[in-house]
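K.L.:
Let the sequences and hints guide you as you build the complete structure.
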Amino acid sequence: MKRFMLSALGAATAVAVTASAAVAASSTMETVKKRGQLICGVNTGLAGFSAPDDKGVWKGFDVDYCRAMSAAVLGNPDKVTYKPLTGKTRFPALQSGEIDILSRNTTWTFKRDVNLGFEFVGVTYYDGQGFIARKDLGVKSAKELNNASVCIQTGTTTELNLADFFRTNKMKFKSVVVEDATEARQAYAANRCDVYTTDRSGLAAQRSVLKDPDAHVILPEIVSKEPLGPVVRHGDNVWGDIARWVRNALVVAEELGVTQANVDQMKSTENPEIKRLLGTEGDFGSMLGLSKDWAYNVIKSVGNYGEIYERHIGPKTAIGLDRGVNNLWTNGGIIYAAPFR
Amino acid sequence: MAVGVKDEGTPSGGGARWWYDPKVRAIIFQVAFVVALVAFIAFIVNNTVVNLEKRDIRAGFGFLSEPAGFEIPITGVVDYSVDKGSTHGAVFLIGLQNTFLISAMGIVLATILGFVLGVLRLSNNWIVTLLVGSYIEIVRNIPLPLQFIFWQTAVFIIFLPKVRDPISIFDTIYIHNRGLTGPKPIGEAGLDFVFYAIFAAIGVVMWLRKWARRRQDETGKQFPVFWTSLGLLVGLPLLVASILGFPLSWEYAELGRFRFTGGMGIPIELFSALTALTIYTSAFIAEIVRAGILSVSRGQTEASHALGIRHGPTLRLVIIPQALRVIIPPLISQYLNLTKNSSLGILIGYSDLFNVFGGISLNQTGQAIEIIFMSMSVYLCFSLLISLYMNWYNRRIALTDR
Amino acid sequence: MIEAMNTHNRPFVRTEHLPQSPPPVSTSGIIGWARENLFSSPLNAVLTIASFYFLYLVIPPFVQWAFIDAAWWGSSNKDCAGYDGACWAVVTARFGQFVYGFYPEAERWRPNLVLILFAINLLPILWDRVPGRTIAALFLVTGFPLVALFFIHGGLGLEVVPTPKWGGFMLNLIMAAVAIIYSLPLGILLALGRRSEFPIISRFCVLFIEFWRGVPLITVLVMASFILPFFMPDGFNFNELLRALVGLTLFSSAYMAEVVRGGLQALPKGQTEAARAIGLTYWQSIRLIIMPQALKITIPAIVNTFIGLFKDTSLVIVIGLFDLLQVAKSSVTDTNWLGLEHETYIFVALVFFVACFAMSLYSLYLERKLDTDHRD
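Chain order of the listed sequences is U, E and D. With our numbering applied, the first sequence corresponds to residues 1 to 341, in that order. With our numbering applied, the second sequence corresponds to residues 1001 to 1402, in that order. With our numbering applied, the third sequence corresponds to residues 2001 to 2376, in that order.
Keep in mind that the hints were calculated from the coordinates and are not lab data. The C-beta atom is built at its ideal place from N, Cα and C for all residues, glycine as well. Don't take each hint at face value.
[Said to hold, decoys possible] Derived lysine to any residue pairs resembling SDA-like cross-links, with alpha carbons at most 20 Å apart:
{"no.": "1", "chain 1": "U", "residue 1": "K33", "chain 2": "D", "residue 2": "L2366"}
{"no.": "2", "chain 1": "U", "residue 1": "K79", "chain 2": "D", "residue 2": "D2079"}
{"no.": "3", "chain 1": "E", "residue 1": "K1184", "chain 2": "U", "residue 2": "N147"}
{"no.": "4", "chain 1": "U", "residue 1": "K55", "chain 2": "U", "residue 2": "P77"}
{"no.": "5", "chain 1": "E", "residue 1": "K1210", "chain 2": "E", "residue 2": "K1221"}
{"no.": "6", "chain 1": "E", "residue 1": "K1054", "chain 2": "U", "residue 2": "L116"}
{"no.": "7", "chain 1": "U", "residue 1": "K170", "chain 2": "E", "residue 2": "G1262"}
{"no.": "8", "chain 1": "E", "residue 1": "K1084", "chain 2": "U", "residue 2": "T168"}
{"no.": "9", "chain 1": "U", "residue 1": "K111", "chain 2": "E", "residue 2": "G1060"}
{"no.": "10", "chain 1": "U", "residue 1": "K55", "chain 2": "D", "residue 2": "D2079"}
{"no.": "11", "chain 1": "U", "residue 1": "K170", "chain 2": "U", "residue 2": "I222"}
{"no.": "12", "chain 1": "U", "residue 1": "K55", "chain 2": "D", "residue 2": "F2238"}
{"no.": "13", "chain 1": "E", "residue 1": "K1084", "chain 2": "U", "residue 2": "R167"}
{"no.": "14", "chain 1": "U", "residue 1": "K172", "chain 2": "E", "residue 2": "V1296"}
{"no.": "15", "chain 1": "E", "residue 1": "K1162", "chain 2": "U", "residue 2": "R134"}
{"no.": "16", "chain 1": "U", "residue 1": "K111", "chain 2": "E", "residue 2": "P1067"}
{"no.": "17", "chain 1": "D", "residue 1": "K2078", "chain 2": "U", "residue 2": "K79"}
{"no.": "18", "chain 1": "U", "residue 1": "K135", "chain 2": "E", "residue 2": "L1255"}
[Claimed, not checked] Chain D residues, not near chain U, derived (Cβ > 12 Å throughout):
{"no.": "19", "residue": "P2042"}
{"no.": "20", "residue": "Y2083"}
{"no.": "21", "residue": "P2124"}
{"no.": "22", "residue": "E2341"}
{"no.": "23", "residue": "A2358"}
P.N.:
Shown next as structure tokens:
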């Protein structure tokens, strides 16, 4: 019996040791390189941002950032393991080192940046909370929503913004609280609630997959600031730098007109910043601990910021989000990146 | 590993070594066990403290008095309002109340349905037995989380009419896919006396039952306790109410621009959770009831009939009391299961303890350890109460056993 | 009769029996059966008619919807547009995801192989005509998990498939199997500890068992997911799936302990005493005398615990693991498959039902077999 128990225990420990990830004290980049896979936390399902298709392949705006990271670090955009996370599980997953990076429309806030031990590496999408309502209700403004019932997803900043908005406008509401975005859409579509509130990008994504998108209207009020972006753990600055400069490379590439299609010709261009970006002059890659052509790999595999935007959430897609503030600073938006110098 | 080793063929006699003495061994083993346990706990506590410090999380229950800042769908009788800065402590109370509410309703409904099904399962009607049997097997073998989600998203929300076009009963009660809306009773001056009358009636009934039993023991005469009690319980409050001119008015619900306002409502999430819990638990209760009735030997019925007792009283005085002795212990543990299962309300957004406190509060404050500890304690207290009751009940049965 | 045959002075004596007449029509055949089983009293008659009417209301439309008018193939709900019935295309198109989650298609032979190995390993344990039960049981808790881990997770030449890619029904099976395999030895220890003569140990075991039995599994999973990382030394972290498995195992070990305790209590005390009398040590008597008998009579209860645990694994959706139910949930919210809640959830229910019902039939069969053993 004893021997039997001991061997069982031994087996259990063996399973525990082999299945557990390596000690997080070593740097994230080494872990990723050793593993040969990037583990990227994404939304469990938000059309345009991250959702699995029938074959189980993840696609979307946030997913492409994971692919860009994978291309930069591992030279191949497909070496990503996606970890679908809810609003609730995303932070513990990042804190415990289960994922290497969180790319899940997460709002940059003071408390998250300072108190939860995270580092926000930049903004990939400037957003704000809004409302969607059925057109036949005849609602023109969120200020008319007194006594409405509101569908809301738990575990987010929206919960508190919502209560604040109604309080400041001296209105009442009834909340219908659900666990994730898809459930919220389901409840809204079935008329369980009158309006649904979340970030406006999310609203557009959700509207696109409603049965009759044109029967719904996104109200003009924006009740909060929601700068969304990728998040890494605090303290691993090398990894944070990589994440930040992958984001910057995507934006700079758009500024300089480097696209997925022309990146090969651009390699022979004379523009010094493009040369530095693509690694044909200087070796910015080795400063990050990456290969010389890391940014070339990124752009070759996912395109520049604008291309990712247009591909997944732009006006030509079902989501149909205008660039708006998310246009380059040169085009009237506020998307801006530090220079490669 | 140190489990009750008493002795291992100790060579007896004065020369036995001290470590062969079972008493010494018992002490050594247990001390070793306690030391290992304490070391393990110290290890965990130390790790937790270090981790909390590193992540800058402030431990403690201070968050309970911080304002919560979010709305809750079902607040019930707890005074909760974001405007007045209601706290996470109030959220805890709401969760407690809602868990209690759905458990109590589920227990009553599941018991009724379970008893009916259990009796039907034993009927000599082939098709009824078959139907009830399939119901029980189907319901028991499908995961409860799936049943929660199914009732909410695939049945009620889809099949019930929209709120603009509800099923209306006498234009006072409305059923729609957001739930049930009805009039709300508003108490006026004097309503207190009606409640006093109810309490008084309960007191009188309790005394009456004792008195009637004593009289029967002494004189053999029976007293129609049931009907008198019913009369008292209904009649006395009604009498008081009519003297005071029915101090109660109704606030009717009205369909506003968006939803029904005023009145009282039961949200659809409560319906779905209740349906799932009732149906699931009733299948288990039906099997318990069936086993209980089968456990009473047929001789009991025959002996009772031989004594000239008719069918009804036989069932009431002979069969059911004996069957209950077998039924009640597992029945109580089903009640406990139902209460624990009500925590699945989180899957469909019913505001039970684990949803509003263990979910939303946890998210907003990040005090995972405290909140999960508190939620677990609530369920633990409940099961402790149940097991105390069970022990008491078993002792009582044992006493009357002949 | 004998007297009658001997008397010859009577004019006529029938020497053989009359052939038996058939019973009256009203008590035999279909009519008799129906009379007895369906219409024995007015109440029964009403119940019968109501039942048949209910079946008539439910079965034909369901068959019509689920089979006759159903669409079986397609790549989105638009392919089901021409059909009035169910749109099973959502199930057929996503079948791989329902079963394997995001496990790479090229590697799916590996879980399949593990399943086959598991069945082969289980055969001697469940069916006593195949020899080698003890060895198989030992291998199941020691060697098999390593083999399964190697094949499913990969490494040593096989492509590594990290746990976030595990999902679907496969994940439910893995979780239930791991939890049951490890909770059984743990449960045996706890049951023995609870009956131990050492007061501290028995009290600790009672506390441990009652704690896990008193809280809902959902809180255990959330605790495993949110709090367990705090308990580990700084910098050491372990996988989300592993954390869920720890929670599931601890939880089910408490239930297992109670099941095993039932088996121990059912054994007459004479067994222990006899074992001690012939000079066996405590562990020898447990290993050779008590456990073989106690475990044998508890196998049906263990199977029932497993069924409960198996159903409970679908709860992991609260901590975001992609099990069968989560795949179903994400399917019905996919743009291509909007409005197919019924088809998806009925399919998932059917999968669980078939698996659980089959296991409960097996446990019934065992119970009957054990029952006759005792009467012999």
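K.L.:
Under the criterion that the straight-line Cα-Cα distance not exceed 20 Å, is the pair K135 of chain U, L1255 of chain E satisfied?
P.N.:
Holds. K135 of chain U to L1255 of chain E sits at ~18 Å (cutoff 20 Å).
K.L.:
Under the criterion that the straight-line Cα-Cα distance not exceed 20 Å, is the pair K1084 of chain E, T168 of chain U satisfied?
P.N.:
Between K1084 of chain E and T168 of chain U the Cα gap is close to 13 Å, so the pair holds against 20 Å.
K.L.:
Tell me if the straight-line CA distance from K55 of chain U to F2238 of chain D falls inside 20 Å.
P.N.:
29 Å, violated
K.L.:
Classify the label on P2124 of chain D as holds or violated, using whether its beta-carbon is more than 12 Å from each beta-carbon of chain U.
P.N.:
17 Å, holds
K.L.:
Does P77 of chain U lie within 20 Å of K55 of chain U when you go C-alpha to C-alpha?
P.N.:
18 Å, holds
K.L.:
Checking one constraint from the list: CA of K55 of chain U to CA of D2079 of chain D, max 20 Å. Satisfied?
P.N.:
With Cα atoms ~17 Å apart, K55 of chain U and D2079 of chain D stay inside 20 Å; holds.
K.L.:
Would you mind confirming whether the straight-line C-alpha gap from K1210 of chain E to K1221 of chain E stays at or under 20 Å?
P.N.:
Since the Cα atoms of K1210 of chain E and K1221 of chain E sit roughly 14 Å apart, the hinted pair holds (cutoff 20 Å).
K.L.:
For the pair supplied as a hint, K111 of chain U and P1067 of chain E, confirm whether the alpha-carbon distance does not exceed 20 Å.
P.N.:
OK: K111 of chain U and P1067 of chain E at ~17 Å, within 20 Å.
K.L.:
Are the Cα positions of K1084 of chain E and R167 of chain U separated by 20 Å at most?
P.N.:
At roughly 10 Å apart (the allowed maximum being 20 Å), R167 of chain U and K1084 of chain E satisfy the hint.
K.L.:
Measure nothing beyond the straight line between the CA atoms of K33 of chain U and L2366 of chain D; if it is 20 Å or shorter, mark the hint as holding.
P.N.:
52 Å, violated
K.L.:
Between K1054 of chain E and L116 of chain U, does the CA-CA distance stay at or below 20 Å?
P.N.:
Status holds; Cα separation ~10 Å.
K.L.:
Does the claim that A2358 of chain D lies off the interface hold, with its Cβ farther than 12 Å from every Cβ of chain U?
P.N.:
27 Å, holds
The structure is inconsistent with the numbered hints 1, 2, 12, 14, 17 and 22, although it conforms to all the rest.
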